[in-house]
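Place chain F on chain B using the hints.
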Amino acid sequence: MKKLMLGNEAFARGLYEAGCKVVSSYPGTPSTEITEAAAKYDEIYAEWAPNEKVAMEVALGASIAGVRSFCGMKHVGLNVAADPLYTAGYTGVTGGMVIAVADDPGMHSSQNEQDSRHHAAASKTMMIEPSDSSECKEYTKMAFELSERFDVPVIVRMSTRVAHSQSAVELCDREEREAIPYEKNAAKYVMMPGNAIRRHPIVEDRMRAIAEYGESCPLNTVEDNGAEIGVVTAGICYQYAKEALGDQVNYLKLGIVNPMPVQIIKDFAAKCKRVIVIEELDDVIETHCKKNGIDCQGKELFGWLGEISQTKIREQVLGIKPEFDTFEDTVPVRPPVMCAGCPHRGLFYCLSKLKVTVSGDIGCYTLGATAPLCAMDSTICMGASISALHGYNKALGAEAENKSVAVIGDSTFMHSGMTGLVNIAYNATNSTVIILDNSITGMTGHQQNPTTGKNLKGDPAAAVNLEDLCHAIGIKSVRVVDPYHMAETEAVIKEELAKEEPSVIISRRPCALLKYVKHKPALHCDTDKCVGCKQCLKIGCPAISIHNKKMVIDHTQCVGCGICTEMCKLGAIKGTEE
Amino acid sequence: METKSVMIVGVGGQGSLLASRILGNVLLSQGFDVKVSEVHGMSQRGGSVVTYVKYGDKVYSPVVEKGEADIIISFEQLEAARYVQYLKKGGHIVTSTQQIDPMPVINGTAVYPDEIIPKLKAQGIDVVDVDALTLAEQAGTSKASNVVLMGVVSKKMDFTEDVWQQALEQCVPAKFLELNRKAFALGREQA
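Chains as they are written, first to last, in my numbering: chain B, 1 to 578; chain F, 1001 to 1191.
Among these hints, one or two may not hold up.
Said to hold, decoys possible - With a straight-line Cα cutoff of 25 Å, these simulated BS3-like cross-link-like pairs (lysine-lysine) come out:
1) B:K515 to B:K40
2) F:K1058 to B:K312
3) B:K3 to F:K1004
4) B:K2 to F:K1058
5) F:K1175 to B:K520
6) F:K1143 to F:K1066
7) B:K312 to F:K1089
8) B:K321 to F:K1004
9) B:K3 to F:K1089
10) B:K518 to F:K1175
11) B:K515 to F:K1182
12) F:K1066 to B:K299
13) B:K2 to F:K1004
14) F:K1143 to B:K520
15) B:K321 to F:K1089
16) B:K569 to B:K353
17) F:K1121 to F:K1155
18) B:K515 to F:K1058
19) B:K457 to F:K1058
20) B:K3 to F:K1058
21) B:K494 to B:K476
22) B:K574 to F:K1143
23) F:K1175 to B:K515
24) B:K40 to F:K1175
25) B:K312 to F:K1066
26) B:K312 to B:K273
Hints listed in this document are in silico derivations from the structure and should not be mistaken for laboratory results.
Here chain B stands alone, though its shape is the one from the complex (with noise of 0.2 Å):
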């Protein structure tokens, strides 16, 4: 039976046809689908953990305990994950572990285009790359057979245009896999010194087998066209030269990113006038060519920038421009907006209000950096907002301290904040760190964490309590606010700046999302009142504009949620009871 299914959704597919036993994951754009849709498979257990670097070590857990084990991130987790990466890339594994690794070339959703091969390169682990929905699934498979002949986690890399493409996919049964018997090993696995050293030189043998089995493997095909122009590709650019090219030029297809072949690519480069590397991101392919002393271009066609598209290759390869028309006006951009009725904000107004410096952190309030409200000064990886905070106090002391907050997200304290608010704790700044708590992981599309007391097949679990947590962690003033009561927050954020302590404010409010969030009827203005005077277009809602110098409200978007009453001074704004 032929199926349409999104790329994460046929490895995960892949997952449960290998046998895989044990899946844990954090969720991060665009990875977060398979381990969704793995844990709708009963034979699976599946789980979120509270970061990457947690899964990564549950998944090769698993695999010493002897059974097939996944993780899934995105490109910025594998970062978090790289510890346990490294040196799993010595113990090797004794059940087969995949780990899917999600590149965002464009950065649809992601603060950095970092390419992940390098990571593979860097652990001396296998790396391979599907380009299409059907190779996810085929590739997942074989990635278990890879894994457990070579003794390598395997690393499937994805992107976005592959994760998030839905094409049809033939499936098949699951392979139920008995448990390897556990052996205890530690010459393999238990890596100090006097047993690192005998593992090195076995992984780099290991190594040297893999780039000899790519020599003639499945994976690495070749298309001969009787074409002067070979290309050699790998993943989702294998699908725009197709789509640009098609059987004008050879192809070269590297389904095995690392470590490469070169025997296979010198014969193919030695048949071709020109051979051209259609990669995106880093020059992985390129350089591993030109290392090995095959003349060939890349980046100097396609430069180091976001996606490569089947244009870029037709302008790049075969001169040809594409033809379209304009729109004659100016179209304004539409830059993606906190949401109608978004609890965030609420906060995000009083901190605007009051001028801070907002050390800011990954998730949808990362927002707030927008306009209208611009309150946010920094953004650079989960957790960092915390951290970072106490760095820029320690910079310029007690003046700083009184006109400085973190804000960071429920999930992402959970992720790697936890940490940083035990340094301030520990070294001692009056910082004020501000968790928004929305009760759920928003930017990724609603999955649960150690803090909303279900697991990820929403079941009940164990509830991390916050106030309890940061109490423990040393920190003595935890206050709890409601964001969509915007006065008290300011009463609340002004009088937590000015203490000579570390302290926490929780906003608390469920994201406006939730299935079990109740929605007031949307609210309407009052022509008669309002004055045009634009006060309530300072919360930067989404429902609200302004139409012949009258406060409009969208009632298709409106929730109620009623904070921009709050900014109305001539109470024009009200309810359908009113």
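Using the frame of chain B, we list chain F on its own:
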């Protein structure tokens, strides 16, 4: 068959993912090779969102580029104007007449262009414009504009209504099926 391209554009939260899944299932049931490309994550929060649906004997790139779309389905007028560059010469636009001000317009740093649909038509583009929001509300909820538009589009494509109805069944939860069938029918009547 040469690959055909459809683009579904709108504002994050308007339901373009469902629309693309319905269309994808229609095309798969007709034996085409199909690719549907979505963008998740940050742009879904009220930003400009794009979904691509491509079909033919063999589809390679899941992405539609400038000058490549045979049909653009737009949930909002400004988005139709934004993505007209992606339309192939002689292609069609099906757009809702709904207007949603983007934040720069709300802030007063940009202007929402006037007369978008007449201007597009004056450029010689085939535009079908429908008040999908009102029709969706007639069907029972403003959220069904996406399915109203699929009803309109169904008249622009050569597949029987049965095929569309089956795709609706596959993609819509049972408790919302009747409502969506109504929305689809209202759209189809408009075309």
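Does the structure keep B:K518 and F:K1175 at a Cα separation of 25 Å or less? The given pair, whose Cα atoms are some 19 Å apart, holds under the 25 Å limit.
Need the status of pair B:K574, F:K1143: alpha-carbon distance at most 25 Å? With a Cα-Cα distance of about 24 Å, the restraint between B:K574 and F:K1143 holds, given a limit of 25 Å.
Hey, B:K321 versus F:K1004, does the alpha-carbon distance stay inside 25 Å? holds (19 Å)
Between the alpha carbons of F:K1143 and B:K520, is the straight-line distance 25 Å or under? holds (17 Å)
Within 25 Å, alpha carbon to alpha carbon, are F:K1066 and B:K299? holds (23 Å)
Would you mind confirming whether the straight-line C-alpha gap from B:K2 to F:K1004 stays at or under 25 Å? Answer holds: B:K2 to F:K1004 is near 21 Å, not above 25 Å.
Does F:K1058 lie within 25 Å of B:K3 when you go C-alpha to C-alpha? Satisfied, since the Cα-Cα distance of roughly 16 Å is no more than 25 Å.
Is the hinted pair B:K2 and F:K1058 satisfied, with a Cα-Cα distance of at most 25 Å? holds (15 Å)
Regarding the pair B:K515 and F:K1182, is the alpha-carbon distance no greater than 25 Å? Distance of about 24 Å is within 25 Å: holds.
Taking only the CA atoms, is the gap from B:K569 to B:K353 under or equal to 25 Å? holds (16 Å)
Given the hint that F:K1058 pairs with B:K312, test it: the Cα-Cα distance must not exceed 25 Å. It holds: about 21 Å lies between the C-alpha atoms, which stays within 25 Å.
Is it true that the CA of F:K1121 sits at most 25 Å from the CA of F:K1155? Roughly 19 Å between the alpha carbons, so the hint for F:K1121 and F:K1155 holds.
Hint check: violations occur at hints 6, 9, 18 and 19; the rest are consistent with the structure.
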